[in-house]
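Chemist: Residue-level listing of the chains:
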Amino acid sequence: MSSQTQTAKPRQSAGKKGLPWPVTALLLLPVVVVLLPTCVVLLIGMVPTAVAYMVDRSRAHHQAITVGVLNFCGTLPGIVDLWERGQTYAAALRISTDALYWLTAYGAAAVGWGIYLVMPPILATYFAMTTARRVVVLRRRQEKLVEEWGEDIRDTTSGAAPSD
Amino acid sequence: MSEEPSADATSVASALLSGRYRVHIDRPLPTLDSPLAKAVEADDPRSPGRAMFALVCDPNLIPRFDVTSQLSRLVRLPMVVPVDAGAIAWPATGGRRFAIVFDFSMGERLVPPGAVRFPAWREDRVIREVVTPLIPALRELNSRSLHHRAIRADNLFYADSSRTAAVLGECVSVPPGLSQPVLYEPIDAAIARPAGRGPGRVGDDLYNFGVALVVLLSGGNPVPDLDDEEIIAEKIRAGTYAALVRHLRLSLQMMELLRGLLCDDPKDRWTMKDLELWVGGRHLSPKQPTLPPRAARSIEFAGREYWTRLALSHAMGLNWSDAARLISSGDLENWLRRSFGDEESADSIQTLSAFAGGTPENIDRLISRALMVLEPTFPIRYRRLSARLEGLPQAFAIEYDDDELRPAFEEVLRAKLPQSLLQSQAGPPAEHGPLMKTFDMMSFFVERPLVGQGLERALYESNRPWPCRSPMIARDGVNDLESILPALERVAQRGGASGEPVDSHIAAFCYTHRKSLSESIMRGLNDRDMAARRLAIIRLLAEVQRATGPSQRYPALSAWIAGLLPPIIESFHNRFFRIQLGQEVERLAGDGSLVDLQFIVDSLTARSADTNGFAEARREYMDLAQSVAWLESGGLVSREHVVSKSRQAATFVSATFSGMAILILSIAYVI
Numbered sequence: 001m002s003s004q005t006q007t008a009k010p011r012q013s014a015g016k017k018g019l020p021w022p023v024t025a026l027l028l029l030p031v032v033v034v035l036l037p038t039c040v041v042l043l044i045g046m047v048p049t050a051v052a053y054m055v056d057r058s059r060a061h062h063q064a065i066t067v068g069v070l071n072f073c074g075t076l077p078g079i080v081d082l083w084e085r086g087q088t089y090a091a092a093l094r095i096s097t098d099a100l101y102w103l104t105a106y107g108a109a110a111v112g113w114g115i116y117l118v119m120p121p122i123l124a125t126y127f128a129m130t131t132a133r134r135v136v137v138l139r140r141r142q143e144k145l146v147e148e149w150g151e152d153i154r155d156t157t158s159g160a161a162p163s164d
Numbered sequence: 001m002s003e004e005p006s007a008d009a010t011s012v013a014s015a016l017l018s019g020r021y022r023v024h025i026d027r028p029l030p031t032l033d034s035p036l037a038k039a040v041e042a043d044d045p046r047s048p049g050r051a052m053f054a055l056v057c058d059p060n061l062i063p064r065f066d067v068t069s070q071l072s073r074l075v076r077l078p079m080v081v082p083v084d085a086g087a088i089a090w091p092a093t094g095g096r097r098f099a100i101v102f103d104f105s106m107g108e109r110l111v112p113p114g115a116v117r118f119p120a121w122r123e124d125r126v127i128r129e130v131v132t133p134l135i136p137a138l139r140e141l142n143s144r145s146l147h148h149r150a151i152r153a154d155n156l157f158y159a160d161s162s163r164t165a166a167v168l169g170e171c172v173s174v175p176p177g178l179s180q181p182v183l184y185e186p187i188d189a190a191i192a193r194p195a196g197r198g199p200g201r202v203g204d205d206l207y208n209f210g211v212a213l214v215v216l217l218s219g220g221n222p223v224p225d226l227d228d229e230e231i232i233a234e235k236i237r238a239g240t241y242a243a244l245v246r247h248l249r250l251s252l253q254m255m256e257l258l259r260g261l262l263c264d265d266p267k268d269r270w271t272m273k274d275l276e277l278w279v280g281g282r283h284l285s286p287k288q289p290t291l292p293p294r295a296a297r298s299i300e301f302a303g304r305e306y307w308t309r310l311a312l313s314h315a316m317g318l319n320w321s322d323a324a325r326l327i328s329s330g331d332l333e334n335w336l337r338r339s340f341g342d343e344e345s346a347d348s349i350q351t352l353s354a355f356a357g358g359t360p361e362n363i364d365r366l367i368s369r370a371l372m373v374l375e376p377t378f379p380i381r382y383r384r385l386s387a388r389l390e391g392l393p394q395a396f397a398i399e400y401d402d403d404e405l406r407p408a409f410e411e412v413l414r415a416k417l418p419q420s421l422l423q424s425q426a427g428p429p430a431e432h433g434p435l436m437k438t439f440d441m442m443s444f445f446v447e448r449p450l451v452g453q454g455l456e457r458a459l460y461e462s463n464r465p466w467p468c469r470s471p472m473i474a475r476d477g478v479n480d481l482e483s484i485l486p487a488l489e490r491v492a493q494r495g496g497a498s499g500e501p502v503d504s505h506i507a508a509f510c511y512t513h514r515k516s517l518s519e520s521i522m523r524g525l526n527d528r529d530m531a532a533r534r535l536a537i538i539r540l541l542a543e544v545q546r547a548t549g550p551s552q553r554y555p556a557l558s559a560w561i562a563g564l565l566p567p568i569i570e571s572f573h574n575r576f577f578r579i580q581l582g583q584e585v586e587r588l589a590g591d592g593s594l595v596d597l598q599f600i601v602d603s604l605t606a607r608s609a610d611t612n613g614f615a616e617a618r619r620e621y622m623d624l625a626q627s628v629a630w631l632e633s634g635g636l637v638s639r640e641h642v643v644s645k646s647r648q649a650a651t652f653v654s655a656t657f658s659g660m661a662i663l664i665l666s667i668a669y670v671i
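Those protein sequences? They're chains A and D, same order as listed.
Be aware that the first sequence starts at 1, since it is given in our numbering, and climbs by one per residue.
Be aware that the second sequence starts at 1, since it is given in our numbering, and climbs by one per residue.
Check the hints yourself; a few may be wrong.
[Stated by the list, open to error] Partial pick of chain D residues on the chain A-facing surface, computed with a CB cut under 8 Å:
(1) L16
(2) A120
(3) R384
(4) S633
(5) V637
(6) E640
(7) R647
(8) A650
(9) T651
(10) L663
Calculated directly from the structure, the hints in this document are not laboratory data.
Predicted model only: the values in this text are computed from it and were never measured.
Where is the CB? At the ideal position from N, CA and C, for every residue including glycine.
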């Protein structure tokens with residue numbers, strides 16, 4: 001994994017457009033300072049997303065996103081409650097230790113994780129069912145082309161190369 | 001002539017010439033026949049009292065269009081001059097023939113037509129009724145550099161019924177010199193085939209005139225015991241005067257006239273000025289004939305002995321196989337060197353013999369070139385072909401259909417023999433430049449046996465008034481571009497619309513008469529692909545229609561061409577477009593516009609769209625094939641594909657649920 005991370009990093013660095021992380025950190029610092037209680041609550045509630053990010057090996061980080069968006073939705077009631085209570089450190093501490101908050105946030109993350117795990121078999125079954133029909137549709141289109149343009153269209157020894 | 005005008009013609013018996021003169025094909029006038037043209041009655045509806053007659057030309061010949069208009073302006077001369085010439089409908093064959101109309105203003109012939117012998121004329125009568133009255137005509141022709149080339153005793157007429165003065169007969173119904181018997185011709189013209197005598201040289205008419213006088217004085221042919229070759233041989237041996245005037249007793253005056261006119265050396269022959277002085281009363285001693293140089297020793301050829309180069313050259317031209325042996329044996333070279341002291345000619349013969357290969361063509365070329373060296377003033381000879389240089393294009397046209405002579409012409413032009421003879425003639429006269437250009441042009445085309453070039457192009461470029469010899473339209477007398485499409489229309493109407501309407505003759509004819517035709521059309525005509533060739537055909541004919549009258553309509557020809565278009569239509573890929581194109585062609589076929597037909601089948605835009613569309617469709621087909629192959633190999637249910645798609649789907653579903661949750665929460669909090 002470290003090697004993949006090491007391999008991924010240069011590509012990500014090379015391909016990534018945007019501000020360097022020190023600059024980003026510097027820009028976010030005032031936000032964090034002002035919204036420290038909120039950040040603490042979020043940090044505690046979004047642990048499943050961090051875990052998902054760490055175990056996700058894909059470039060697009062689909063797993064992290066899948067878990068992350070629902071995880072975030074699960075933390076929203078706590079965040080709203082915190083802001084209703086004035087976004088104080090005491091409120092943040094109280095919410096962070098509230099079991100209901102943990103249930104909501106981690107439960108939503110669990111739903112996201114479940115979606116991520118159950119989707120492959122669902123799609124595999126769907127694809128298996130639709131393969132034959134797709135082949136029929138494509139062949140029908142080919143026949144229409146032959147009818148319009150003649151048998152020469154089948155000739156692959158000369159003429160245009162297939163488009164990419 | 002192959003078809004005779006007769007009173008039995010039951011279809012249209014009169015034809016219009018130039019839209020004005022009526023030629024009555026069913027009313028022959030045999031007394032006015034020319035050797036190769038039949039006389040019939042004619043009239044001019046605009047001038048009802050005008051007496052006229054017409055000469056209908058042989059179907060394989062054309063009138064002398066190049067001099068017709070000039071001669072028609074020579075009024076009040078003692079000469080039968082044409083009024084107009086052109087093509088007339090010929091009902092017997094459904095085609096056209098050429099005809100010339102004349103005013104019937106002369107009396108009867110001096111010599112009864114077809115007469116072999118007649119009472120010999122006295123000298124005073126010859127001078128009074130023939131020589132003196134014809135001077136104005138001869139003078140006028142000479143001053144305009146026009147050559148009559150048909151002066152014969154049987155082509156002289158009385159000016160009127162008083163029978164006191166002669167007029168020259170017509171000279172335009174056949175190419176120049178074609179109808180002249182060998183008796184009447186100078187030696188070199190007599191050696192040439194009648195078709196190869198050419199437009200005529202200065203002095204030819206006066207020579208003919210001299211022979212005509214001899215015929216009148218002799219009461220017919222002065223040498224009835226000699227055939228044509230013997231006449232030539234005798235002229236060479238003894239000179240024309242001695243050969244023809246051997247039995248006549250003539251006064252010194254007449255002797256002077258005839259010796260002057262019949263002089264074999266054109267440089268010494270009398271000119272018009274000499275004749276006028278003689279008529280005016282100046283009489284000198286008769287010219288002594290200048291005979292050709294005689295060798296110190298004779299040479300034997302084909303069992304006979306020859307003492308002069310002219311005689312040997314003539315004999316060798318008639319005996320090709322023995323000529324080859326004489327040359328290759330070295331005897332000719334030795335004879336020239338020892339008997340004439342002509343080292344240059346002998347060396348030339350030696351060089352020719354050394355480089356000649358063993359093929360029949362090379363031997364023929366050797367003989368031909370050797371004959372040029374032997375006597376450069378004689379016509380060019382090549383097997384049966386014999387023509388004066390300036391008569392070679394004309395001979396090519398007249399004898400094109402001769403299957404033995406046509407290859408001879410081709411070989412002569414490929415070997416550039418006319419150019420060699422031209423260069424070997426002493427001192428380049430002013431007319432050699434255009435002649436050399438003509439021969440170079442003919443050789444150029446002959447070396448390129450393509451449709452639109454080749455022998456046919458050489459034929460029409462060197463004989464522009466000559467009608468198109470395509471078997472489809474040969475009988476229509478098509479001698480200009482405007483007549484091509486109507487002729488093809490008539491072919492189609494007659495039911496002759498089979499095969500392609502453009503062959504090598506028609507293509508060459510069009511390119512000759514329309515220099516702006518594109519070379520791409522010619523490339524298409526020579527393409528082996530039928531669609532490309534037929535496209536070129538319709539392009540050519542459409543271009544001709546644009547040039548000659550785009551508003552003219554040719555429905556039968558259009559239908560013919562429409563029947564040839566399927567390969568072009570099939571060359572388009574798109575089936576729906578082919579159907580549409582076929583319907584358009586069918587609609588336009590009866591319309592008669594070749595330009596419109598060409599427009600719809602030769603559209604660059606349509607062709608480009610079809611090609612691009614086909615390429616695009618092929619790409620799509622191959623993409624589909626790849627997709628099918630991928631599906632059938634389980635690409636859709638492969639692990640990689642399922643994982644990839646399920647990740648995307650999971651993200652989407654999660655995002656959707658999140659969005660809905662946020663929405664519900666928002667509503668709940670607001671409420």
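Chemist: All hints are to be evaluated individually against the structure, with a verdict given for each.
Modeler: Structure-based check of all given hints:
no.: 1; hint: L16; result: violated, 54 Å
no.: 2; hint: A120; result: violated, 87 Å
no.: 3; hint: R384; result: violated, 54 Å
no.: 4; hint: S633; result: violated, 10 Å
no.: 5; hint: V637; result: holds, 5 Å
no.: 6; hint: E640; result: violated, 11 Å
no.: 7; hint: R647; result: holds, 4 Å
no.: 8; hint: A650; result: holds, 4 Å
no.: 9; hint: T651; result: holds, 5 Å
no.: 10; hint: L663; result: violated, 10 Å
Hints 1, 2, 3, 4, 6, 10, counting from the list given before, are not met by this structure.
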